[in-house]
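*Asks:* Chain by chain, the residues:
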Amino acid sequence: MKGKDLINIGIFSAIYFVVVMVFAMLGFIPVFMPLLAVLVPIVGGIPFMLFLTKVKKFGMILIMSIIMGIMMILTGMGFFTVIVSAVTGLCAELIYKSGQYRSASKAVLTHGVFSMWLWGNYLPLFFMADKYWSTRQDFGQDYIDALTKLMPMWMCPVLLVTAFVCGIIGGLLGKALMKKHFAKAGIV
Amino acid sequence: MIKLDPRTKLLLLLAEAIVVLGGLGGSSAEPFKTVFMVLPFLLLFSAKKVRTAVIGGLLLGLGLAAEFIPAGHSCSIILLMCSGILTRFVPSIMMGNYVMSSTKVSEFTAAMERMHVTQKITIPMAVMFRFFPTVKEECSAIGEAMKMRDIRFGGSKVLQMAEYRLVPMMTCSVKIGEELSAAALTRGLGSPVKRTNVCRIGFHAADIVMFLLCAAALGWIIWRSVT
Numbered sequence: 690m691k692g693k694d695l696i697n698i699g700i701f702s703a704i705y706f707v708v709v710m711v712f713a714m715l716g717f718i719p720v721f722m723p724l725l726a727v728l729v730p731i732v733g734g735i736p737f738m739l740f741l742t743k744v745k746k747f748g749m750i751l752i753m754s755i756i757m758g759i760m761m762i763l764t765g766m767g768f769f770t771v772i773v774s775a776v777t778g779l780c781a782e783l784i785y786k787s788g789q790y791r792s793a794s795k796a797v798l799t800h801g802v803f804s805m806w807l808w809g810n811y812l813p814l815f816f817m818a819d820k821y822w823s824t825r826q827d828f829g830q831d832y833i834d835a836l837t838k839l840m841p842m843w844m845c846p847v848l849l850v851t852a853f854v855c856g857i858i859g860g861l862l863g864k865a866l867m868k869k870h871f872a873k874a875g876i877v
Numbered sequence: 244m245i246k247l248d249p250r251t252k253l254l255l256l257l258a259e260a261i262v263v264l265g266g267l268g269g270s271s272a273e274p275f276k277t278v279f280m281v282l283p284f285l286l287l288f289s290a291k292k293v294r295t296a297v298i299g300g301l302l303l304g305l306g307l308a309a310e311f312i313p314a315g316h317s318c319s320i321i322l323l324m325c326s327g328i329l330t331r332f333v334p335s336i337m338m339g340n341y342v343m344s345s346t347k348v349s350e351f352t353a354a355m356e357r358m359h360v361t362q363k364i365t366i367p368m369a370v371m372f373r374f375f376p377t378v379k380e381e382c383s384a385i386g387e388a389m390k391m392r393d394i395r396f397g398g399s400k401v402l403q404m405a406e407y408r409l410v411p412m413m414t415c416s417v418k419i420g421e422e423l424s425a426a427a428l429t430r431g432l433g434s435p436v437k438r439t440n441v442c443r444i445g446f447h448a449a450d451i452v453m454f455l456l457c458a459a460a461l462g463w464i465i466w467r468s469v470t
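Just so you know, the sequences run in chain order G and Z.
Every number in the numbering used here is 689 more than the matching position in the first sequence, counting from 1.
Every number in the numbering used here is 243 more than the matching position in the second sequence, counting from 1.
Among the hints, a few may not be true.
Partner residues aside, some chain G positions facing chain Z, computed with beta carbon under 7 Å [claimed, not checked]: (1) Leu724; (2) Leu812; (3) Pro813; (4) His870; (5) Ala872; (6) Gly875.
Capping the alpha-carbon separation at 25 Å, the derived lysine to any residue pairs in SDA-like fashion look like this [stated by the list, open to error]: (7) Lys743/G with Lys276/Z; (8) Lys292/Z with His359/Z; (9) Lys437/Z with Met690/G; (10) Lys746/G with His359/Z; (11) Lys276/Z with Thr470/Z; (12) Lys873/G with Thr470/Z; (13) Lys743/G with Arg791/G; (14) Lys390/Z with Met690/G.
Restraint ranges, calculated between C-beta atoms of paired labels, are given here [unchecked claim]: (15) Gln830/G with Cys442/Z: 30 to 36 Å; (16) Lys418/Z with Ile833/G: 41 to 47 Å; (17) Ala426/Z with Lys745/G: 39 to 45 Å; (18) Val776/G with His359/Z: 21 to 27 Å; (19) His359/Z with Ala872/G: 28 to 34 Å; (20) Leu724/G with Leu322/Z: 33 to 39 Å; (21) Leu305/Z with Gln830/G: 45 to 51 Å; (22) Ala448/Z with Ala818/G: 17 to 23 Å; (23) Val348/Z with Lys745/G: 39 to 45 Å; (24) Thr439/Z with Ile759/G: 51 to 57 Å; (25) Lys869/G with Ala425/Z: 25 to 31 Å.
None of these hints come from the bench; they were simulated from the model.
Built from N, CA and C at the ideal position, the CB exists for glycine as well.
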């Protein structure tokens, strides 16, 4: 990996993170909390697919994934995400590598797997629920009740699968947009 | 002006994220929560960013005031949520603003190097923090251009809106990024030799005070959760 690759990781991490944050703000409305696993992978597919066209060496996806985890610690989402994102990032990396960093269908699959890092943000909701809510008393009991009703235990695996499926949809969307805009503009 | 080491600033940012944003310790950490709510404003004043501090202070005051409105109204859930968002996020955003505006990129890399963090993480992170303002600038420029052509939210074309905003923003960012990496390469970023740095960083009295504050907060939370 050379300096240019590292700079590319930084640029696309910035774009991806901004997109994630814009949608994550919607999570304050209780209904949108589980929906984040739908929205973020779909929209995030657009910058990520463009990023994949720049990925030619091992480790670039993994580093971006870990940086997302670090940013989640800094924004107070807990320490689980960085563990999850390291694992999913490595899996995504291996999948894209198996396509020699070229295969378009593998790229879509890569984004599906990469998107699963989001799931790490939900983990405290399920496994440390008491602690999680004790730190969020100031949102009011109504908010807590609404969210607990929305998030029964069986939602935990469902959210993981949702993130993956929507990641694939987002990947397809990103691919279509790339064909429409970026290939024409000579960015890819 | 208080000059802090970049490593101290990172620690403060983390403490802010854990104590105020993450709300660790719940109500038992209340005294330290107050300290960490006020701290970013003091630091902003010391860095002469008065305007940002005043705006942030007003927002935080609004959030705190909303908690005193008696519950029971139909709109109280929305009010509580807004106040929760404000009191939780404003201090952290202010701290982030202070850290970003008072730390040069080379200071950041120097600090990371001292902490023996690999360049594979520091370079992307440094680029990312350098790039956030650029993304914001591009976004607002695109917003203005769209306003001029009277394209706005509220129509039936929400998906197209995302496309029309994201695509130009990414196109610009990629172009800027290419220029940035060319500039960085001319400064010898990709060379295999060990880089030197002109920034002098080190711990001083102010840093020690901040470290003690963070340690005290951590100790207090642990002590309260044990007993």
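*Asks:* Against each hint, give a clear statement of whether it holds in the structure.
*Replies:* To see whether the hints hold, each was checked on the structure:
Of the supplied interface hints, the one on Leu724/G is violated, with its beta-carbon coming no nearer than about 14 Å to a beta-carbon of chain Z, more than 7 Å. The beta carbon of Leu812/G is not positioned within 7 Å of any beta carbon in chain Z (closest approach about 14 Å), and the interface hint is therefore violated. Because the smallest distance between the Cβ of Pro813/G and any Cβ of chain Z comes to about 10 Å, over 7 Å, the interface hint for this residue is violated. Annotation: His870/G was flagged as interfacial toward chain Z, and the flag holds, the nearest CB pair being 5 Å apart, inside 7 Å.
For the restraint placing Ala872/G at the interface with chain Z, the shortest Cβ-Cβ distance is roughly 12 Å, beyond the 7 Å limit, so the hint is violated. For Gly875/G, the suggested interface contact is broken, since its CB lies about 10 Å from the closest CB of chain Z, more than 7 Å. For a cut-off of 25 Å, the pair hint linking Lys743/G to Lys276/Z is broken: about 43 Å separates their Cα positions. Only pairs whose Cα atoms come within 25 Å are accepted, and Lys292/Z paired with His359/Z is rejected, the gap being roughly 32 Å.
Between Lys437/Z and Met690/G the alpha-carbon distance is near 16 Å, which keeps this suggested pair within the 25 Å criterion. Of the pairs offered as hints, the one joining Lys746/G and His359/Z holds, with about 23 Å between alpha carbons and a cut-off of 25 Å not exceeded. This hinted pair checks out: Lys276/Z and Thr470/Z have alpha carbons roughly 19 Å apart, not beyond 25 Å. The hinted pair formed by Lys873/G and Thr470/Z fails the criterion: a straight-line CA distance of about 65 Å is larger than 25 Å.
Under the criterion of a C-alpha separation no larger than 25 Å, the hint pairing Lys743/G with Arg791/G is consistent with the structure, at around 10 Å. Taken as a hint, the Lys390/Z and Met690/G pair is broken in the structure, with Cα atoms around 42 Å apart against an allowance of 25 Å. The beta-carbon spacing between Gln830/G and Cys442/Z, approximately 49 Å, falls outside the hinted interval of 30 to 36 Å. A hinted range of 41 to 47 Å holds for the C-beta pair Lys418/Z and Ile833/G, which are about 46 Å apart.
A hinted range of 39 to 45 Å for the beta carbons of Ala426/Z and Lys745/G is inconsistent with their spacing of about 21 Å. One distance hint, 21 to 27 Å for the beta-carbon pair Val776/G and His359/Z, holds here, with the actual separation near 24 Å. In this structure, His359/Z and Ala872/G break the distance hint of 28 to 34 Å, their C-beta atoms being roughly 42 Å apart. Checked against the hint of 33 to 39 Å, the C-beta distance between Leu724/G and Leu322/Z comes to roughly 23 Å, which is inconsistent with it.
Take Leu305/Z and Gln830/G: their Cβ atoms lie about 22 Å apart, and the range 45 to 51 Å is violated. For Ala448/Z paired with Ala818/G, a C-beta distance near 43 Å fails the hint of 17 to 23 Å. Separation of Val348/Z from Lys745/G is about 26 Å and departs from the stated range, judged on CB atoms against 39 to 45 Å. The hinted window of 51 to 57 Å between Thr439/Z and Ile759/G is violated, with their beta carbons roughly 26 Å apart.
Look at Lys869/G against Ala425/Z: about 28 Å separates their beta carbons, and that is inside 25 to 31 Å.
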